[in-house]
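Number of protein chains: 2
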Amino acid sequence: MTQIKTKFINDPEQVTPELLEGYVLAYPDLVTLGGENIVLRTHPKDESKVAIVTLGGSGHEPALSGFVGEGMLDCSVVGDVFAAPGAQRVFQALQLMKREAGILLVVLNHSGDVMSANMACQLAERVGIKVKQLLTHDDISAGIDAPLNDRRGLAGCVPLFKILGAAAEEGKTIDELTEIGERFNKQVATLAVAMRSCTHPQNNAMISDLPEGIMEIGMGQHGEGGGRKPLVSADDTATEMVDLLCQQIKPVAGDQVMLIINKVGSTTQMELNIIFRKAYKELEAKGFKVGMGRIQELLTVQEQASFQMILAKLDEDHLDYLKNKRADTPYWTTIGK
Amino acid sequence: MTQIKTKFINDPEQVTPELLEGYVLAYPDLVTLGGENIVLRTHPKDESKVAIVTLGGSGHEPALSGFVGEGMLDCSVVGDVFAAPGAQRVFQALQLMKREAGILLVVLNHSGDVMSANMACQLAERVGIKVKQLLTHDDISAGIDAPLNDRRGLAGCVPLFKILGAAAEEGKTIDELTEIGERFNKQVATLAVAMRSCTHPQNNAMISDLPEGIMEIGMGQHGEGGGRKPLVSADDTATEMVDLLCQQIKPVAGDQVMLIINKVGSTTQMELNIIFRKAYKELEAKGFKVGMGRIQELLTVQEQASFQMILAKLDEDHLDYLKNKRADTPYWTTIGK
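Chains as they are written, first to last, in the working numbering: chain W, -5 to 331; chain E, -5 to 331.
If we strip away everything but chain W, and leave its shape as in the complex, we get (with noise of 0.2 Å):
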């Protein structure tokens, strides 16, 4: 097997069930094993009501797993490293959710991961399951409006699945989940930033190689690439995402506004207070209230020093499910009110 200089692991084809393992032995309270690589609340939410599933490989972690648990996600369908888990097991992932209310299965916008979803719901469909897919593709370095298929899925999903989850509790439709996260979907955008690569866990290579004091603007979750230019301050930096943000969601002045920092790697926690520093100044200068904010690792891609800024325009109802609805899980929890 490769030896690995560069990381604590075992065998490298063993990362993905060791980590989801040592995952659920944190947090059995919440959360727990339902076959190979998949992941379930311990405490399964009541029958009637929608549940919402997800799909996506690891390396990533907290995303997607770390978000199973009351008032978010019902199941998380885990594939290998940067790998989407095949149509097999998000097939399996849906016998086992399978209910008169139906499922909510949300993809993000990668190429593996939609054929497996595509592939599981024909399987689901023949059997009776009810079923309906929500694509995420919040990622807008491909250009402002640019076509939707173009368009990846970064951490945005994790917003989303607060909102659905909290409103699939309260007993919303398989439909009125649809209106709830396609609404949020048409407002939300995210942008990625990246100053060093990092490397992937089974073969120790660097998955991008990006030269010091560089940084790329709108990198993807594997190394995916954006635009190259000379590092510049927090604050320019902050500016100019804002800027691009802003372009592709329009708010308008008096609009309620989330405004999420994605730590992504060894981009540390103290840089990305400052960048959200910055970004909600430009946002209230703009006129505009950030109504909910966080600064949290929540899809990480390795060690990559990198961050995600997500923008969305918030519905009361959205703000609502963010901030005031419980949820129970390893990595988010609200206590509710």
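Since the list gives no way to pick out one identical chain from another, each pair is judged satisfied if it fits inside one copy or across any two copies.
Capping the alpha-carbon separation at 27 Å, the derived lysine-lysine pairs in BS3-like fashion look like this:
hint, residue 1, residue 2
1, LYS244, LYS223
2, LYS(-1), LYS223
3, LYS92, LYS124
4, LYS331, LYS43
5, LYS319, LYS39
6, LYS275, LYS244
7, LYS331, LYS319
8, LYS92, LYS126
9, LYS244, LYS317
10, LYS92, LYS43
11, LYS275, LYS(-1)
12, LYS331, LYS317
13, LYS317, LYS126
14, LYS39, LYS317
15, LYS39, LYS331
Honestly, the hints are just simulated from the structure, not real lab data.
Could you slot chain E onto chain W? The hints should help.
Okay, now just chain E, sitting in the frame of chain W:
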């Protein structure tokens, strides 16, 4: 000013005030600034209850200020990067927190912090402020049963904040809190392991120098030296650390223990899940019950590739305060029972 080419910052001299300003803008419902580099709860608890206060340098985010909020800290006094805040600022915080019930000042054993705290307490006592100190010294890298003065305070302070904060909310007196805290301090031990160093955000210098393929067991939070050896597997690392920690806290079969992996920087959560898995199994094999687990960024050291393993023998009250009592802070939320 020094040009920093590895981080998203502005003026290196302004890192601390800027990061704190960003922090309170992100979580205005929970935290606020009560003077230069003093973080307070936005909704303070009743003055009839003992205040829990701590102090320490910045650069370790989310620690220590990330745990200010209901059920944990009432106030965090922040120094510059890796530097103690100085006696005057600590004294200012003690004046803000002055109350009949008293103030419990939790001090991590680092010489600058200890000096700042001692001088501030002398100043406070002269003006009639009731304050007691609680020193933490969970690091075991100086050797098993080393004199307390030689043992630094590591991330074991964070579960201590949770315990003390919950007990203070219940209305425990300052003497009762001291007893609860000292009993936990005797039963907790922490060990750090590092694999790559990090740069100081104000002068761009590496804080230590670790060659690839080498790990250092016992590295301190500011690059202080431990013992170097070739990198071994995650399982072997976890086993060695559990053995050392158990030599210090000497649990006996049937004991409840707390196992927390503190993510220090660029070591990924994927790796830490794998470490947790083996550590948990080792503890269960020794006959202990892991009553409380967590894998999280608590106290970081910039982008150092490193983690700290925190092991504590838990009494029933400690377990109850940790798991069942409500906490509402930006980086530790417990819904409570």
